[in-house]
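Single-letter residue listing:
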Amino acid sequence: MSCDRNHEELVAYLDGELDRENRRQLERHLAGCRRCSRILDELRQAVEASRQLEVVEPSADFRREFWWRFATESRQAPGWWAGPPRWRWPVLAAGGALAAGLAVAVVMLVSRPRVSEADKVIASHLELFSDYDVIRNLDILEDMEFIESLDEDA
Amino acid sequence: MLRVKDGDEKAFAELFNRHAPRLVAYGDRFFHNRAIAEEVAQEVFLRLWRARKKYRPRARFTTWLYTIATRVCLNELRRRRHRPRQRAGGEEVDPPDNHADPGQVAQARQVAERLQAAADALPERQRAALWLVRLNGFSYRQVADILGMSQPAVKAALFRATEAIRQALARQDRRLENEL
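So the protein lines, in turn, are chains P and U.
Residue 140 in our numbering sits at position 142 of the first sequence, with consecutive numbering throughout.
Residue 219 in our numbering sits at position 1 of the second sequence, with consecutive numbering throughout.
Think of the hints as simulated: they come from the structure by calculation, not from any bench.
Please note that the accuracy of each hint is not assured.
To be verified - Quick partial rundown of chain U residues pointing at chain P, CB under 8 Å, derived from the structure:
#: 1; residue: Val242
#: 2; residue: Gln260
#: 3; residue: Val323
#: 4; residue: Ala388
To be verified - From chain P, some residues computed to sit far from chain U (all C-beta separations above 10 Å):
#: 5; residue: Cys1
#: 6; residue: Glu25
#: 7; residue: Arg26
#: 8; residue: His27
#: 9; residue: Arg32
#: 10; residue: Arg33
#: 11; residue: Cys34
#: 12; residue: Ala44
#: 13; residue: Ala47
#: 14; residue: Leu51
#: 15; residue: Ala91
#: 16; residue: Gly93
#: 17; residue: Ala95
#: 18; residue: Ala101
Predicted model only: the values in this text are computed from it and were never measured.
Cβ atoms here follow ideal geometry from the backbone N, Cα and C, with glycine treated the same way.
Using the sequences and the accompanying hints, generate a full structural model.
Set out below in structure tokens:
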């Protein structure tokens, strides 16, 4: 007896995916159809073989490597930092400027130079002294401006 | 997963310990190389952490995890154009059983190689559906959600994949009969 039954049902049956009614119908058919029974047996072997294929276990280093990657990524991109790149540079620039300013202030306070009275005199008359060619061509004027500012602080 | 969504790293570690080993096995079905499968599984969990805030409780966690995993595996597969016929050299994952009959061991290995070759020749989605059901025990409905397919399409994919394996094993049986 020939049978043109769709064998999709057989695989779904083996996978336990047929509802009760369809399962009963199929089992009644299988009881009287040698061809479908034979194909079902072969499909069952294929299903069992695919289920029993060896399953690899992770290596001993797998977990350690993952947490290393996780920690590395977390350090590089914590929370708010993971936003779009266009937000990063202004934040970086502002932070850098603030840090640089603080560093300069600290250095200035720690290494505040001793200012002689002569220096103070020159500083208080910068306009006058800058008229002299010998001074105008020296970087010393910048130093004098600094001294003047110290004097004002005092 | 709800704790992970709130940034709980301890809960994330629990999820990783519970699901990552199976994810390595799933990746190995595509690459037949444990090192690559491990790298892919790690990448999946890193992506999961990055995307944790997008998780919606109505989606089952494993469905969400394997949706990401399947995408990463298939992308990596395309990138590598990797269709090996056998396990990478020197990688002994399944130690031989000293009590088993060598003839049976050799025959079982041949069956496994034939089966893997048949599975590797399948279209990507059929292949993914095959291992989601046969390795991980997902229902057709879950596979439909993971692969973005209808349930009838999953049913058809599973039939074609199983039929390909059936034919591959039948060819091998005929060859063995001819050798005897």
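Hint check results:
1. Interface restraint check: Val242 (chain U) against chain P, minimum CB-CB distance 5 Å, threshold 8 Å, status holds.
2. The beta carbon of Gln260 (chain U) is positioned within 8 Å of a beta carbon in chain P (closest approach about 5 Å), and the interface hint is therefore held.
3. Restraint check, Val323 (chain U) versus chain P: the minimum CB separation of about 12 Å is more than 8 Å; hint violated.
4. At a threshold of 8 Å, the smallest CB-CB gap from Ala388 (chain U) to chain P is about 7 Å, leaving the interface hint in force.
5. The Cβ of Cys1 (chain P) sits about 16 Å from the closest Cβ of chain U, beyond the 10 Å cut-off, so the non-interface label holds.
6. Distance check for Glu25 (chain P) against chain U: the nearest CB is about 18 Å away, which clears 10 Å, and the non-interface claim stands.
7. Every C-beta of chain U lies more than 10 Å from that of Arg26 (chain P), the closest at about 21 Å, which supports listing it as non-interface.
8. Annotated as non-interface, His27 (chain P) keeps its C-beta farther than 10 Å from every C-beta of chain U; the closest such distance is 17 Å.
9. Every C-beta of chain U lies more than 10 Å from that of Arg32 (chain P), the closest at about 17 Å, which supports listing it as non-interface.
10. With a minimum CB-CB distance of about 14 Å to chain U, Arg33 (chain P) clears the 10 Å threshold, and the non-interface call stands.
11. Residue placement check: Cys34 (chain P) keeps its beta carbon more than 10 Å from all beta carbons of chain U (closest about 13 Å).
12. Not every beta carbon of chain U lies more than 10 Å from that of Ala44 (chain P), the smallest distance being close to 4 Å; the non-interface claim is violated.
13. Look at Ala47 (chain P): its CB is around 5 Å from the nearest CB on chain U, not clear of 10 Å, so calling it non-interface is violated.
14. Separation of Leu51 (chain P) from chain U is inadequate, the least Cβ-Cβ distance of about 6 Å not exceeding the 10 Å criterion.
15. In this structure Ala91 (chain P) is separated from chain U by more than 10 Å, as the shortest Cβ-Cβ distance comes to about 26 Å.
16. At the 10 Å boundary, the C-beta of Gly93 (chain P) stays outside the reach of chain U, the nearest C-beta of that chain being 24 Å off.
17. Distance check on Ala95 (chain P): its Cβ is at least 30 Å (rounded) from any Cβ of chain U, clearing the 10 Å threshold; non-interface status holds.
18. The beta carbon of Ala101 (chain P) is kept farther than 10 Å from every beta carbon of chain U, the shortest such distance being approximately 33 Å.
Comparing the model with each numbered hint stated earlier shows that hints 3, 12, 13, 14 do not hold.
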